[in-house]
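Residue numbers (full-length UniProt numbering), protein chains in the order written: chain G, 1 to 522; chain S, 1 to 522.
What the hints contain is simulated information worked out from the structure, not anything from laboratory work.
Heads up, some of the hints might be wrong.
Remember, identical chains collapse to one label, so a pair may be satisfied in a single copy or spanning two.
Claimed, not checked - Restricting the straight-line Cα-Cα distance to at most 25 Å, the calculated cross-link-like pairs of lysine to any residue (SDA-like) are:
id	residue 1	residue 2
1	152	169
2	298	396
3	503	148
4	298	395
5	517	128
6	503	470
7	298	458
8	298	414
9	298	337
10	298	272
11	298	460
12	298	465
13	298	426
14	298	455
Listed here are the chains, written in short residue letters.
Number of protein chains: 2
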Amino acid sequence: MAAVAAATRWQLLLVLSAAGLGVTLAPQPPNILLLLMDDMGWGDLGVYGEPSRETPNLDQMAAEGMLFPNFYAANPLCSPSRAALLTGRLPIRTGFYTSNGHARNAYTPQEVVGGIPDSEHLLPELLRTAGYASKIVGKWHLGHRPQFHPLKHGFDEWFGSPNCHFGPYDNKARPNIPVYRDWEMVGRYYEEFPINLRTGEANLTQIYVQEALDFIKGQQAARRPFFLYWAVDATHAPVYASRPFLGSSQRGRYGDAVREIDAGIGRVLRLLQDLGVAENTFVFFTSDNGAALISAPKQGGSNGPFLCGKQTTFEGGMREPAIAWWPGRIPAGQVSHQLGSIMDLFTTSLSVAGLEPPSDRAIDGLDLLPAMLQGRLMDRPIFYYRGNTLMAVTLGQYKAHFWTWTNSWEEFRQGVDFCPGQNISGVTTHTQEEHTKLPLIFHLGRDPGERYPLSVASTEYLDALHRITSVVQQHQETLVPGQPQLNVCNQAVMNWAPPGCEKLGKCLEPPESVPEKCSWPH
Amino acid sequence: MAAVAAATRWQLLLVLSAAGLGVTLAPQPPNILLLLMDDMGWGDLGVYGEPSRETPNLDQMAAEGMLFPNFYAANPLCSPSRAALLTGRLPIRTGFYTSNGHARNAYTPQEVVGGIPDSEHLLPELLRTAGYASKIVGKWHLGHRPQFHPLKHGFDEWFGSPNCHFGPYDNKARPNIPVYRDWEMVGRYYEEFPINLRTGEANLTQIYVQEALDFIKGQQAARRPFFLYWAVDATHAPVYASRPFLGSSQRGRYGDAVREIDAGIGRVLRLLQDLGVAENTFVFFTSDNGAALISAPKQGGSNGPFLCGKQTTFEGGMREPAIAWWPGRIPAGQVSHQLGSIMDLFTTSLSVAGLEPPSDRAIDGLDLLPAMLQGRLMDRPIFYYRGNTLMAVTLGQYKAHFWTWTNSWEEFRQGVDFCPGQNISGVTTHTQEEHTKLPLIFHLGRDPGERYPLSVASTEYLDALHRITSVVQQHQETLVPGQPQLNVCNQAVMNWAPPGCEKLGKCLEPPESVPEKCSWPH
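Chain G extracted, bound-state conformation (with noise of 0.2 Å):
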């Protein structure tokens, strides 16, 4: 019924659409094209002012589509804000947080026994029900085990990894991280799929770019809508690249990843153009996170004018690059000044193919579509999220922290520092510091560096905090969180014996099962 229904809905589209913009549109649904970049910062683009300017292909992208200035992760970590994306929730409420510590950020390294429900509606499966074919590119990192496949949550095909490209480890202690071709695993990272931290050359970008390039002719050769979930990881510590990218860059060998990933994307674009379906074709580009500023200046990306990185809930760490780009729709060289959230991905993408989102249940993401389209602005608050507690929200200019807290006293002084060469007294606190009674706001056009809380005496402030407080009430009264997902670890969940591993004699013997309270330190 939905499928009909939805089929029902795009062909009355495509009739408005032809007869407005006079354009002829492909006679299926609006192909999709989602491209993840993992730890890339704001300030990573030209476009965005990073000095270098060495992403022409990004640059031109933004040049023939829209920008968004103010667009948010959905978490300053990897796996909460992939699973945002991928249900248009928020981690809080599909479970992918941990409630071991307060406001601790959590994620799903192998030993973690949590993944993405199989409650949770993804958007390959709905967007199945439109007859699309998806594919997922790269990192998945909603949960390695066996129920938690990607092909077990509406993808058609996979090529990548469950999990970071960490290690290399010794298959004793610690597996290697398998990579995937579907069903099966393919081989491991630094076994078949070799990375060379000393010189950081890895071929796997082109890998992905390759996959996606054969993924997109063969849908078009069968006719068959597609959803392209292209999830690249090169410029996450330990960033890599291919040998003609290292060296490239005058920003070092982040610089080599982000420049090989750029020159993928242009090749991309340019398969839609010359297959004639791009103006059939949503893109969208953003990233996972802030940039990893821990891992600067050799492993780590910039969040411009920002404060802090990913890790905390600083616009650093949480506000990211992202373009729209879908040629005769939405109209080119535009700024959007509207409040995005990766998890509109969701709604939007649904929107695109026609469909609507689940009604069941509480859907965080937009449909930027009027904003695109009709350059609408719409409403709406951004959420920051640590783990379970509400760190602060944004609300038009205005965000309010209800907690501040970069890490601990401990980590820091063993170097873990997550805003380097920033300190703003009282805003970069190592210790949690609550403010739920009196939070700091600040004004984001005016400080976007978030240096300069307003005073609480002033107008200005009282008015804020009366709009905020209201929507944070709404918010917190009416939200269910999820059973927790990121709280237990246990060394045999790891990805000792993955499916296929048999054909491959890769298969390794886990140790005793002890299921135990996963660390999170920050």
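Since the structure of chain G is provided, determine the placement of chain S on it from the hints.
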């Protein structure tokens, strides 16, 4: 003789250009329009990543022209940088520095006795030999006593003021700053030329835009090549804007001022196009020093990802937005990584006019036309002085700091902070730290924020040091410092009775002449 030779060279260039590009050029040397901002920062333009993206005209200028992300002021303070622009020479050569203290910034408040020496050749003086009419609109800042008047140094017309628009003063202890039309004052700030400090309202930018439009039209009607030096000051604290722009920015009053200037520049460029002279007009946009973070967030701009601001020799103090625009000559939409300097505008403007720079003195400015027209990159150092002290040098991607200092602990404890929210141990120091033996060296490509000094034990450090040392030695061995102009102050030399005051009945009584050493605290 010089004018004849210049005309000959220019005519030859015309023929060559017309043959090579198929462009029909007007039968006169190109006009020159230098747009110099006051305290505007690298990060204040959309095209440089300002998140609110409120500079559509400047962004369009960049799209039609060439962007320079690595362009520098000649000093972290206004007067010396402006003297350098108009002479093509470092302030240490022209005397635009103080030797009253070590590494002290100095400028031309109205009690300063010195100014631009007669021995200096200013750009308009030289352009006059090629038949140019020259006008300065806005802030002069090279000395306000009669011998320093811009019409004594090559300009044919002036509308603007000799000093900053500080005030209001009581005209007893201190006179309000006069506004001149050509030789004579036509009023004073806060009197005939009101600036409302409470609301930020002032019509000055509108007047300055009109002056530019009228001058361009007039010279075009007279078929005379022109040099217009448009030195507006609305982004210098106290920032101001006219009523239609007040409240129009997401960035507060500072943003209102930027928007008004951006709109004005749009009008000026459109006029050039409407008059059909755009292809015969070389336009360059830049700023005199980094954003004054001390005035942020309400009265100061943004230096993007760079460290600190005005008054410092970190990147935020001296790296500037810079756009070249010359339709049909400079290719559109290009980025040049040439290390550029405000002093290059002197030499480049001469080159545009078919003139050679003076050969009887050291000229620091390069001719950037090869970078602009042929995309060439020229190796050259950028010197960062504070007073008479060489604080730092950039060569290629490497910047070496020989001295680090922001300001004194005493000032800092009183709230004078040139690096708000930024603090890098051993780098943003509050005592003058000498590193002449073993400079701090940063790789600006990987680390534009100057956060991670290279290890002194690394090959990279030693290679960079070796190359920089030889450049610095050569510079210092051949340097002949000019007589310092900014050492002596005297209340009697203030703007008590500027020329024309009698006609207006606005002459004031000067106090007794008491020369004293100027006090330069930072």
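* Which hints from the list above does the structure break, by number from lowest to highest? -> 1, 5, 6 and 10
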